[in-house]
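Chemist: Here is what each chain is made of, one letter per residue.
Protein chains: 2
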Amino acid sequence: MSGTPNWRDLVVTMDDRSLDALALAADATVESLRETTSGPRSDRAPAAIRALVRSLDICPDEPTELATVLADFATAAWTHGVVPSDPACVAHLHPPTLQPAVVTELAIAATNQSMDSWDQAPAATEIELYLMEWLAGLIGFPDSGSGVMTSGGTASNLLGVTLARSWAAANAGVDVLKTGLPPEAADWRILCSDQAHFSVHRAAAQLGLGRDAVIVVATTSSGSLDVSALDHELQRLESAGRRAIAIVGTAGTTDLGAIDPLTEVAERARRHGAWFHVDAAVAGALLLSDRLRGELAGIELADSVTIDFHKLWWQPFNASALVVRDEARFELLRVRSDYLDRGDELEGMVNLVGRSLDTSRRFDAAKVVVTLRTLGRCALSDMLEHLLDLASYAGSMIAAEPTLELVATPTLTTCVFGAPGASADDLRRVQQRLLARGAMVLGRTQIKGRAALKFTFMNPLTSNEDVERLVGMVVDELRAAVGS
Amino acid sequence: MSGTPNWRDLVVTMDDRSLDALALAADATVESLRETTSGPRSDRAPAAIRALVRSLDICPDEPTELATVLADFATAAWTHGVVPSDPACVAHLHPPTLQPAVVTELAIAATNQSMDSWDQAPAATEIELYLMEWLAGLIGFPDSGSGVMTSGGTASNLLGVTLARSWAAANAGVDVLKTGLPPEAADWRILCSDQAHFSVHRAAAQLGLGRDAVIVVATTSSGSLDVSALDHELQRLESAGRRAIAIVGTAGTTDLGAIDPLTEVAERARRHGAWFHVDAAVAGALLLSDRLRGELAGIELADSVTIDFHKLWWQPFNASALVVRDEARFELLRVRSDYLDRGDELEGMVNLVGRSLDTSRRFDAAKVVVTLRTLGRCALSDMLEHLLDLASYAGSMIAAEPTLELVATPTLTTCVFGAPGASADDLRRVQQRLLARGAMVLGRTQIKGRAALKFTFMNPLTSNEDVERLVGMVVDELRAAVGS
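If you're matching them up, the sequences are chains D and A in order.
Letter by letter, the first sequence follows residues 1 to 484 in my numbering.
Letter by letter, the second sequence follows residues 485 to 968 in my numbering.
I should point out that these hints are in silico values taken from the structure, not numbers from a laboratory.
A portion of the hints provided could be inaccurate.
[To be verified] Pair ranges (Cβ atoms, derived):
(1) S221(D) / A532(A): 51 to 61 Å
(2) R953(A) / N6(D): 17 to 27 Å
(3) G905(A) / D20(D): 44 to 54 Å
(4) D15(D) / R755(A): 47 to 57 Å
(5) E549(A) / S221(D): 39 to 49 Å
(6) S723(A) / D425(D): 53 to 63 Å
(7) D425(D) / E515(A): 51 to 61 Å
(8) P667(A) / S463(D): 58 to 68 Å
(9) G173(D) / R755(A): 30 to 40 Å
(10) S221(D) / T559(A): 51 to 61 Å
(11) A883(A) / K178(D): 37 to 47 Å
(12) T68(D) / R818(A): 32 to 42 Å
(13) K662(A) / D290(D): 37 to 47 Å
(14) A964(A) / A297(D): 57 to 67 Å
All of these numbers come straight from a predicted model, not from anything done at the bench.
Backbone N, C-alpha and C fix where the C-beta goes; we use that ideal spot for every residue, glycine too.
Start from the sequences and build out the full structure, keeping to the hints where you can.
Modeler: Spelled out as structure tokens, the structure:
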């Protein structure tokens with residue numbers, strides 16, 4: 001590691017010499033993380049961070065010692081990053097990560113399997129399939145259930161809605177992937193709640209249906225889909241001669257953590273011949289908990305389910321899954337490739353390219369499996385339950401705090417609140433001042449048109465005392481903001 | 485690390501104690517890689533690998549010591565993986581990886597920045613932007629050039645074609661993301677060569693245009709787009725009242741490594757008002773080489789360009805970029821999100837969610853930047869030039885070998901060949917026997933309907949002697965296959 005490197009020493013092989021050097025380099029990398037700021041982030045402004053970053057020569061002609069590069073990089077990237085393991089980092093579904101997963105990233109990168117074809121990932125293909133089938137079983141799908149890893153909830157939702165589109169088209173005798181959207185697609189609609197993730201709208205846009213093809217269904221005050229409103233919308237569609245091709249239920253909305261009444265939504269989907277997709281990116285982890293699993297009743301009735309491992313399973317980005325109740329459904333998007341998936345290969349070979357919208361794809365399943373086996377289900381369940389308890393505790397503190405006002409009783413790991421008499425601009429100033437001086441990375445959103453602040457608890461090391469401190473900081477900042 | 489772990493010790497924080505433990509765990513992970521098979525892969529059959537994988541309990545209730553988990557995992561995953569750093573791993577554009585990138589994966593995962601919003605990735609956002617603007621400059625784009633990291637060439641091509649679709653729609657006064665494909669979209673066509681990557685067809689399918697909307701243009705014997713055939717197709721479209729919304733040029737086809745005549749294609753795109761996308765997933769790295777850069781002349785005329793860092797920049801999966809000549813074009817896919825991108829934030833804050841089809845997204849730019857700074861441009865250029873020389877050398881050996889037959893003179897890092905008198909089934913058997921006994925991971929494809937074998941040289945440590953050995957193995961295996 002010392003002296004100017006020669007590229008021949010930097011190509012990672014499985015030889016002892018290369019692995020010895022890799023271990024040293026890994027240590028140096030961990031060392032460089034000690035540059036990370038204390039607190040949730042530094043107090044540096046965007047322009048100052050930009051200037052610091054641009055002071056680095058991004059691609060010099062000549063090599064530089066790795067330790068030097070890592071140190072310089074840390075001064076920019078990690079000193080002025082955000083720290084998801086800090087208790088005051090509570091804006092987003094942005095978790096700290098688990099050690100078994102983090103170190104497995106090193107192995108994933110060193111071995112560099114590619115999940116598109118078996119001959120680029122022999123054991124890895126089998127491990128991903130095993131993980132997906134296990135997850136399908138956890139959901140309660142029949143033995144035909146399986147899935148594929150994707151880059152995130154947005155990609156999983158896109159894949160789910162893509163399958164729904166192909167399904168609707170196939171039922172109309174159209175191969176939509178080949179011949180494109182038929183004229184009758186102008187009448188195809190996708191229904192989801194007004195709290196569903198924007199990736200559902202984006203999927204409709206991407207697929208050529210347009211965001212206008214998404215019918216937004218009203219929610220109750222807790223943020224879960226109102227079934228009578230769904231019935232009303234379905235009836236309106238029917239009267240207008242339109243067709244519901246998919247209904248998307250959300251299990252764990254981004255802001256309120258609400259879970260739609262899945263059993264009742266499933267029943268509507270079945271009755272109307274619509275694909276039932278459940279976006280359980282957030283709440284999928286509840287399946288691990290004996291106490292919480294029941295909240296997802298009805299998820300086993302879905303045609304497809306999104307679960308993000310990079311949320312409440314504490315995996316580093318990216319790690320998500322799209323799980324289907326019947327793996328034969330993946331035939332809806334199969335493509336043939338002369339070089340990747342010819343169908344005349346070794347007996348038992350599976351090429352996962354046929355079930356993914358990606359081609360080259362990293363072996364993210366590895367980190368999930370190593371995590372599950374190291375921590376075990378009960379620990380993951382404890383961690384999750386602790387976060388729900390934290391959100392509840394924050395909710396009760398805010399309910400008792402006259403300067404604040406709870407928007408809804410926390411159901412998952414978020415706590416959304418406003419302040420009586422405070423304007424949207426006051427709330428914006430609270431959030432920005434805390435962010436600007438690096439004191440707290442606080443969430444800010446809108447619930448049904450009304451501005452709100454949000455705590456998102458993702459760090460299982462956070463304590464009730466931390467919550468008290470966070471609430472206190474918001475109260476103080478609000479006083480300053482309203483007073484200023 | 486010894487004894488049954490407690491989850492509290494496994495949440496990665498930036499405290500010294502947690503980082504000390506992380507370094508030890510990283511060492512244990514590297515240690516587990518010593519289980520990797522020697523040779524390009526083990527000789528185990530798919531069913532046997534499946535059985536071995538399924539002997540692991542994927543999610544026990546109770547925790548297990550990390551070292552034990554890593555060792556068990558290695559026995560399955562790495563012993564029966566494929567080894568891209570082995571010289572006999574030559575099937576795909578599947579590279580070994582570089583140490584600076586591999587260890588940076590550890591930091592990416594430990595710090596877990598998410599690229600969708602500035603407050604989840606302050607410095608990381610600036611670093612990705614800086615890398616993208618540097619890459620835009622390398623392409624020869626004006627100062628308005630920028631880009632976004634994606635999960636791979638398939639995703640980058642999809643994003644490029646998505647922009648093309650929105651551009652065509654906007655020119656017709658339609659907001660396609662909002663209202664969906666208009667009726668006139670039935671006449672929209674995308675042109676690319678018959679050697680273009682299947683992801684172009686897939687993008688058309690995904691976007692609702694259908695694979696039939698892709699007009700496949702003939703190529704010359706070298707595999708590059710035939711401009712007179714393009715002119716012919718464009719004229720046919722015009723006569724039929726159809727509209728070329730995009731022309732995709734390929735710089736480095738998967739099989740032959742061919743580079744389309746980009747300047748001439750650009751001129752046609754301009755004349756017909758079509759978006760010009762260049763899929764330089766493979767050949768983009770040539771921009772780093774003084775000797776080879778000229779091969780990409782005309783790339784600077786593109787509207788958008790795909791470049792994969794996880795190919796000839798030796799980055800671990802996934803790392804790709806979609807670069808545009810004018811970053812204002814990203815407005816074509818902007819979405820507003822109340823919680824991620826409100827437009828009323830700290831001065832200078834950029835939320836990259838607006839230019840990506842993903843939401844949560846890992847900080848892959850980090851590994852690219854650390855690699856570029858550690859190796860320097862000249863080393864990367866030397867490595868690339870060496871691979872081209874290897875492919876040339878393989879080509880000359882095969883041309884001189886009577887039992888083999890070169891399909892085309894190598895232009896990049898692949899060498900495609902057949903064998904006089906050998907049937908497609910003979911070639912299949914050659915490839916499968918070598919794969920089955922773990923001797924070589926050889927490529928197999930079809931060029932214009934004709935079966936062929938393929939070497940793809942991605943490992944800069946491979947020598948001419950290795951090439952001689954590989955050719956000899958294929959010749960021996962072919963004799964055995966034809967004789968059997």
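Chemist: Hints first: check each against the structure and report whether it holds.
Modeler: To see whether the hints hold, each was checked on the structure:
1. Range check, S221(D) to A532(A): about 56 Å between beta-carbon atoms, so the 51 to 61 Å window is met.
2. The beta-carbon spacing between R953(A) and N6(D), approximately 24 Å, falls within the hinted interval of 17 to 27 Å.
3. In this structure the hint that G905(A) and D20(D) lie 44 to 54 Å apart at CB holds, the actual value being about 49 Å.
4. The hinted window of 47 to 57 Å between D15(D) and R755(A) holds, with their beta carbons roughly 54 Å apart.
5. At about 47 Å, the CB distance of E549(A) to S221(D) agrees with the hint of 39 to 49 Å.
6. The beta-carbon spacing between S723(A) and D425(D), approximately 59 Å, falls within the hinted interval of 53 to 63 Å.
7. At roughly 56 Å, the beta carbons of D425(D) and E515(A) sit within the given window of 51 to 61 Å.
8. At roughly 60 Å, the beta-carbon separation of P667(A) and S463(D) lies within the given 58 to 68 Å, and the hint holds.
9. Against the hinted window of 30 to 40 Å, the Cβ-Cβ separation of G173(D) and R755(A) comes to about 39 Å, which satisfies the hint.
10. Taking the beta carbon of each, S221(D) and T559(A) are about 53 Å apart, inside 51 to 61 Å as hinted.
11. Evaluation of the 37 to 47 Å hint for A883(A) and K178(D) yields a pass: the beta carbon distance comes to about 40 Å.
12. Take T68(D) and R818(A): their Cβ atoms lie about 39 Å apart, and the range 32 to 42 Å holds.
13. Hint check: K662(A) to D290(D), Cβ distance near 45 Å, so the stated range 37 to 47 Å holds.
14. Taking the beta carbon of each, A964(A) and A297(D) are about 59 Å apart, inside 57 to 67 Å as hinted.
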